[in-house]
Every structure is written in structure tokens, then in C-alpha cells.
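Chemist: So the sequence lines, in the order shown, correspond to chains L and C.
Each residue of the first sequence is one higher than the one before, counting from 1 in our numbering.
Each residue of the second sequence is one higher than the one before, counting from 1 in our numbering.
Hint data in this document are derived by calculation from the structure and do not stem from the laboratory.
All figures in this text were calculated on a predicted structure; none of them were measured in a lab.
Each residue gets a CB set at the ideal place from its N, CA and C atoms; glycine is no exception.
Heads up, some of the hints might be wrong.
[To be verified] Covered by chain C, per the in silico footprint, the following chain L stretches (three or more residues, Cβ under 8 Å):
1) 66 to 80
2) 85 to 98
3) 176 to 182
4) 441 to 447
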Amino acid sequence: MVKQLKKVDAVIVGSGWVGGIAAAELTKAGYNVVILERGKNKKHEDYIGTKDELRYSKRYDLMQELNKDTITSRNSMSKEAIPVRNNMNARLGNHTGGAGVHWNGIAFRWLPYDFEIYSKTVERYGKDKIPKESTMQDWGITYDELEPYYDQYEKTAAISGEENPIGPPRSDKYPNPPMKETPNIRLFTKATKALGYHPYRIPSANASQTYTNPDGETINGCVYCAFCEEYGCDFGAKADPIGTVLKTAHKTGKMEIRNDAFVNRVSHDGKKANGLIYTDTTTGEEFEQLADIVVLAGFVFTNTKLLLHSKIGQPYDPKTGQGIIGKNFTGHFNNLSTYIGARGFFEDKKFNNFMGAGGMGATIDDFSGDNEDHTNLDFLHGYEVHYSQLGSRPIANNAVPYDTPGWGKEFKKNSIKYYNRNLFITPQSGFLPNKNTYMDLDPIYKDALGNPLLRVTVEYAKQDIARAKAGVARCEEIMKEMGADKMNVDVVKDDTVFDHKFYTDHFFGGAIMGASPKNSAVNTYSQMWDMENLFVVGGSSFPHNSNYNPTVTIGAFAYRAAEGMIKFLKEGGNVAVKPLEKNA
Amino acid sequence: MADQQPPKDVNGKPQHEQDLGRRNFLKNTGLVAGGLVGGSIFGGLLTGGLDKKNDNIAKNDSNKGIEVTQARQFFTRHQDFKVLNAATEQILPEDELGPGAIKLGVPYYIDKQLAGRWGVNAYDYRQAPYAIDLKAADQTAGPGGEQSILDRGMIFLLGLRKMDEESQKRFEVTFDKATEEQQIEIMTDFEANKVKMKGVKASEYFILLKQATLEGAYCDPLYGGNINMEGWKMKEFPGAVASYANYIESDDFAKLDPVSLRDYQGH
Numbered sequence: 001m002v003k004q005l006k007k008v009d010a011v012i013v014g015s016g017w018v019g020g021i022a023a024a025e026l027t028k029a030g031y032n033v034v035i036l037e038r039g040k041n042k043k044h045e046d047y048i049g050t051k052d053e054l055r056y057s058k059r060y061d062l063m064q065e066l067n068k069d070t071i072t073s074r075n076s077m078s079k080e081a082i083p084v085r086n087n088m089n090a091r092l093g094n095h096t097g098g099a100g101v102h103w104n105g106i107a108f109r110w111l112p113y114d115f116e117i118y119s120k121t122v123e124r125y126g127k128d129k130i131p132k133e134s135t136m137q138d139w140g141i142t143y144d145e146l147e148p149y150y151d152q153y154e155k156t157a158a159i160s161g162e163e164n165p166i167g168p169p170r171s172d173k174y175p176n177p178p179m180k181e182t183p184n185i186r187l188f189t190k191a192t193k194a195l196g197y198h199p200y201r202i203p204s205a206n207a208s209q210t211y212t213n214p215d216g217e218t219i220n221g222c223v224y225c226a227f228c229e230e231y232g233c234d235f236g237a238k239a240d241p242i243g244t245v246l247k248t249a250h251k252t253g254k255m256e257i258r259n260d261a262f263v264n265r266v267s268h269d270g271k272k273a274n275g276l277i278y279t280d281t282t283t284g285e286e287f288e289q290l291a292d293i294v295v296l297a298g299f300v301f302t303n304t305k306l307l308l309h310s311k312i313g314q315p316y317d318p319k320t321g322q323g324i325i326g327k328n329f330t331g332h333f334n335n336l337s338t339y340i341g342a343r344g345f346f347e348d349k350k351f352n353n354f355m356g357a358g359g360m361g362a363t364i365d366d367f368s369g370d371n372e373d374h375t376n377l378d379f380l381h382g383y384e385v386h387y388s389q390l391g392s393r394p395i396a397n398n399a400v401p402y403d404t405p406g407w408g409k410e411f412k413k414n415s416i417k418y419y420n421r422n423l424f425i426t427p428q429s430g431f432l433p434n435k436n437t438y439m440d441l442d443p444i445y446k447d448a449l450g451n452p453l454l455r456v457t458v459e460y461a462k463q464d465i466a467r468a469k470a471g472v473a474r475c476e477e478i479m480k481e482m483g484a485d486k487m488n489v490d491v492v493k494d495d496t497v498f499d500h501k502f503y504t505d506h507f508f509g510g511a512i513m514g515a516s517p518k519n520s521a522v523n524t525y526s527q528m529w530d531m532e533n534l535f536v537v538g539g540s541s542f543p544h545n546s547n548y549n550p551t552v553t554i555g556a557f558a559y560r561a562a563e564g565m566i567k568f569l570k571e572g573g574n575v576a577v578k579p580l581e582k583n584a
Numbered sequence: 001m002a003d004q005q006p007p008k009d010v011n012g013k014p015q016h017e018q019d020l021g022r023r024n025f026l027k028n029t030g031l032v033a034g035g036l037v038g039g040s041i042f043g044g045l046l047t048g049g050l051d052k053k054n055d056n057i058a059k060n061d062s063n064k065g066i067e068v069t070q071a072r073q074f075f076t077r078h079q080d081f082k083v084l085n086a087a088t089e090q091i092l093p094e095d096e097l098g099p100g101a102i103k104l105g106v107p108y109y110i111d112k113q114l115a116g117r118w119g120v121n122a123y124d125y126r127q128a129p130y131a132i133d134l135k136a137a138d139q140t141a142g143p144g145g146e147q148s149i150l151d152r153g154m155i156f157l158l159g160l161r162k163m164d165e166e167s168q169k170r171f172e173v174t175f176d177k178a179t180e181e182q183q184i185e186i187m188t189d190f191e192a193n194k195v196k197m198k199g200v201k202a203s204e205y206f207i208l209l210k211q212a213t214l215e216g217a218y219c220d221p222l223y224g225g226n227i228n229m230e231g232w233k234m235k236e237f238p239g240a241v242a243s244y245a246n247y248i249e250s251d252d253f254a255k256l257d258p259v260s261l262r263d264y265q266g267h
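Produce the entire structure from the sequences given, and follow the hints as far as they go.
Modeler: Dropping the structure here:
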């Protein structure tokens, strides 16, 4: 028996950055909102005094409990998919604030090239440059159109940064100066400058000073305690949804967050969404929360699974290339697009590696996006090479030179010796969509409530391997210049396949955006073409993955989507038909 | 907070000068753990009873806590625990840098972890079919026994017993009594998956064993490992320090007293 609940203006899946931004903007405009969050009720208070590596980094206290829901994974359509059973391989956000609580705070904008990748590629290199298997496309929006939303997100989230010498145009400077500079960062900066590159400090949501955002919420200045990634901030010094947008929405008195609410599907009549069907996981009761607009603001997997399971839109079929839902799955893959690079070991230098902040570091954009001429390269898109000092914690960090055994006497000596004497740099690279990398529903495995799991199929294309190799080679060059005595340089093999690790939390696609329903599920306000009162917002709408971390771009599109929601509540219809005035 | 002096032995010499060979130590531990000596001495030995500094701690509650929590919750057979002691000590041996896995409390840490949620894979997806039964399945999915129907507790039990069995088969002694070289030979074969196990690959068991050993050596002492923060001291990791704002820009290495969560939370 599904119990129907009184209609609200908007019901939202998920209380992360996207759900929080939608809730803040809708409630400020006078609408009432219910957020359904499957995770637990969490406040900043929950994170005070919990600098506990085992609990958060090894037992994944903030991550999705896979006993309730997970994904299955395979390398190609010809294989059987296997469930991802433990969090070692899937670090997906959960609880109030979602992944926005445990993020590192790395806060890049993406490039103008990213949003018009197809046109700009054809224009510069000709159509033949695009590989046959590629399904890359323009996003239906330009950087200039998105820029005001970027600015709005950066100001909300206290982003601290400095001008990127070769970055895209900005309407305003960062709201806060960059974080403090460490000797490690100085070493990277000096080396990359000597090589003729253009280093700059990574923009971060770990605030460089105490700051009050335009909504009146205060984010404290960071103390560099090095517990960001996988942790809630002890000091309220990392911008997260709890301390910003959810707080703002809460103050209006028009938002309710319902925790332990596991959404099963969207209820609809084929044309219009009625609301969301969810299970209260503390009692097992099932409810239907009715609403004028329905917002899917979950992670990529949640949004895609809900659309497929609710039978909304046409599922993507890799054999025919028809259909949209589940198409263009991309990401930062563990053994390809990040976490690989060059690790330098220093005999005579000792670094304060245990200090830091998730977003603290420096990077170069000389090879990002299309900044490098790809005419003679066998790949498109690029990589940013960064050093980030997020803080080495002792269980996870036992790096030893390749010639050291993995355990025993010599391992102990070297893992202790080099703990504060090694630095790692990584080329985080883009990943372009291909026709064989997608999501659909698994035919065998079910979640705790009996719904099918989402099945992910990933095939690396040749160009993705080539890009990764180029990036690692650049890391080796830079680490040498930094003066390492010994190096571990990762080897990317030609036959490298997806390793089923969903560890980076940077995944995209499934309900991609575009200028036309022919090639997209949502318009650039993240509104479903097929169901106008349904907004599917977040990384799920990104047609490809850039070489940058995604949160700021997700935040910007969430602001744009919220604007679309308000416009829809006022006027109805497809809000993307004609361009909107900002803050309509 | 702990001082910055190197740990001293009963004669006031720095601890690392003690002539207490690891194998010798293991042998002694075997005797002690064999029940010939009382628990409090056992506890004292493992918590650094030779360490003068611990004389102070012995008078307060926290050391009492260590003593009473050092009893087996998960392992029922003492022999399994003896093999665990020897194996973890091989992964992280005692040396001139400081204590090894046993003195750091690693075996008891692992025992506690296996008795809890982690040991029964409580938050993992546990629905059939399991991939080891799927012929066409992609066996590259997931490390560390992820696709095994066995939970971590079972994997540890089977793995430790298999190691003991191998030792008896090859060397006619139990694993804990085997020589260092013999123990290393067996563990190397497990790591390389050269030993056949049922229900889980030997290499996957080994990954778990190594992971858990490092956890026990470097976790917050609240979990029963990293006793007296000796693991952190060796690594020069200061633990739960509130702020590094005053150090972060300096070129000098900051040698700081470690702070445990008990110190940090202050209640």
C-alpha cells in the first residue's frame, strides 16, 4: 500500500550540492520543497573531533552502503557484469549533503572547448579527426552563457583561487585569495615554470579566509589539518551543502529534508511526473510524495537508474545507437585518467606531507582541453598536471620505490623513510564518450528493495589510452625537473582495460543535455524534453568528461536548472525555447 | 601528550638498542601467549612493558583499558591467533626503527575488526550469484576477495589455517614455529597465488592480511592497534592535530608530538 502525501511545489531526490542549490533557490523564491535523502541525518556537529582515517578512509563511513544499492560492472557487452560489492571500489556519497560533504574542494571551471567540443574539433581539425566510435557532441550551451552561473556558485562556495594565466575569461575574480603556499607547491611551481609551462594555484573550496557568502552563510578559514577527502570538515572551513545552500533553504522555513528515504521511482502518466515513490528505510513503509515539479538531483547512477526503472525516455541501445537514457557514460577512471602519474622519492628533502587541504595545490593547463595542438596527436582532449597536497594519512600512504618488496623488513624501512620524502603528480585527463560505454539495467542483480541494479559497461578507446600515456610522460618530465632521486612512473599499457573501480566519484552521462531532443535527454536547464515538469540535474547531464574535477560545473548547472524550475513553476512549458534573463 | 625522547628500555637505554631479535621475540611471545605467563604480563609486554615511559601510563586508566581489551573476541583457536601474530610480524617486523606488528597490537586489532561489522561484510553487497560460480564472468572484477561468498572472518580463518597447514606439510612445524625464511617462503607463495584455497584466492587473502596489518599499525589507538602511537611516531605522523596553519608555509620539517583522538576529543 503506497500512502500518498500532500502535494508540494517541488520534490527533490538527494541533498547534495544539486539538491541543495535547487532547494535554496526554490525556497528563496517562495516555493515549498521536500528533499528525499536516503542517507542519514547529518550536521556539521557530526564531524567535530573525528579525524579518523580508519573510520572514514578505510571503512567509508560517509559512503553509500552497498548492501542497499550498488552497480554491476563489465568491460564489454559480451561479458557478464559483476556487482561492485564493497566500498573499496565504489566511493559514492551518502547522507545529508551527499558527496558535497566529503569532497576535497578542488574547484575548477571547465573550458569553453568542453561545451562546444564537437564544433570546435571539426572547425580546427576537420571531421575526420573524430574517431568512429566516438559519440561526442556539443552541449547546447556556450561557456559565456554558463559563466554567470559559475560566478554564482564560486561566490556561494567561497572559492579561493588566483587568476589562471591561460584560463577562460571571468566576469569577476575569485571571492577569496588562494590558500597558503607550501614548499611542496613552490617546488612544483618552480619546475613547471622552468619547463616553460604556466602553473597556477588550484582553486579550492577550502576557504583561505573566513568568508560570508551572498546568502549570508559563513564559511570559516581553513587550518590545513589535512582531513578533507572522505571527511566532513571539522571546522566548517570547507564549503559544503550543509553549511551553505541547505542552511539557506532551511532558514526560509519552506524546506523539509526527509532522511532514510530511498526513492524507488518517479510516478508519472507518460507525459507528466506526479511525484516520487519512496520507501522509508526505517519502517519499510512506501510513500508517494506528490509535487508540481520533480527533481532528480542524485548521483549519476541514481538519476540514470531512476529514469530507466521508471520507464521515462528511450533507453540507449549500443547496437543501434538509438535511444538516449544511459548513453555517454564517462568518468575519471582509476587506472587511466587520474591516480596514475609519477611519484618522486627524495633522499635529502623532507616534506610536511601530513599537512594540507583537499583543494590545495598547483596545476598547469598547458595541455588541458584543446590548449595543445592535437593535429599530430592520436587523441582529442587533454590533461591538467597537478600536484595536490591533500595530506598523506599513514594507513593509506606507504609508497616505496619499485625495487622495494611490498612487505617485510625492507618495506617497513622504506615506507617509513619515504613517508615524508615522496611527492606524487598526476595528469588528470578527459575521457571522451564512445558508443560502447553506457549504462542500462542489470538483468540479474537486484537492490535491497528488489529493483534492478544499474549495469555499467566501460570500454576504453584507443585515444583514451594514448591521452593517458601522454599525460604520464609529462609527469615524468616535471618530476625529474623537481629533482626526485628516484621515480615510480606508472605504465599505461595498450591493452589496459577498465578495472571496475568507481573510486573517483567523477562519473557522468546517462541523461545528457543538448540543444535538441534528437541527441539529448534534457535541455540546458536540465529539464527533460519528454516530461517537462521533471528536471534531471547533475553529472548525469554531462555529455563527456573534461580533465577537471566536476563539482563547480555541476554547481553552475544546478543554478541554471534552479532558474529553469522557477520559470517553469511560473509559466510552464519548455523553458529552453527562448533564452532567459539571468535570475528570471 | 607523549614526549619527544626516544623510548627507553628498563636500563634507561634507548629502546632501539635493545638486543631483542625479532625471531627471539616471536618465540617468547609464543611462550607467553601459550598460557605459561599471566595475561597482565602479556599485556604489559605488548604495550611496551620494557618501555620506561609506560610506567607512568600503567598507573592510569588507559593502560588498564589496553590490558582488558587484549583478549580474543573473534578467534577461538589459540593456534589461529599464533599464526596471525607471526604473519603480521613478518609483514611489519620489529627493527631499529621501532616496534613491529605484535608490539603495535596488530593481531588484537585484527581480531576486533573481524568481530565487528567489517568481519561480516555488513555494508557490502552480498547477493547471489557470486562471480566465482559464473563461468563466463569477468574475473578481473574487484580485489581482496570481493566476489567471494566468504566473509572476511572466514577468509582470515581459512587463510591462517592454510598457512599453518603449508608449513607443516613443507617443514614439519607449525607456521608460528617455522623459521623466518620458511614463513617468508610460505607468505610469498600466498601473495603470488601459488597456494590453492577453496572459496577465495590465496592472493586475495594475502591482500586482506596486508591491508589489515597496515591498518592496525597506523590507525588511531582507539581501535586497539598503533599502541601508544608508536606507529605514528615511527612515521612522524602527528595524528589528529587541530591546525597546521602556523607550520604550513615553512620549509622546515615539523616534528610534532602525536595526538590521539582521545587527546583531541578531550572527554
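Chemist: At a Cβ distance under 8 Å, does chain C reach at least three residues of the region 66 to 80 of chain L?
Modeler: Since 8 is at least three, the answer is holds.
Chemist: Take the region 176 to 182 of chain L, compare each residue's beta carbon with every beta carbon of chain C, and decide whether three or more fall closer than 8 Å.
Modeler: As far as the region 176 to 182 of chain L goes, the hint holds, because 3 residues have Cβ atoms under 8 Å from chain C.
Chemist: Can the region 85 to 98 of chain L be counted as covered by chain C under the rule of three residues or more with Cβ-Cβ separation shorter than 8 Å?
Modeler: holds (count 5)
Chemist: Quick one: see if chain C covers the region 441 to 447 of chain L, three-plus residues with Cβ-Cβ under 8 Å.
Modeler: Three-residue rule met by the region 441 to 447 of chain L, so holds; n is 3.
Of the numbered hints listed earlier, not one is contradicted by the structure.
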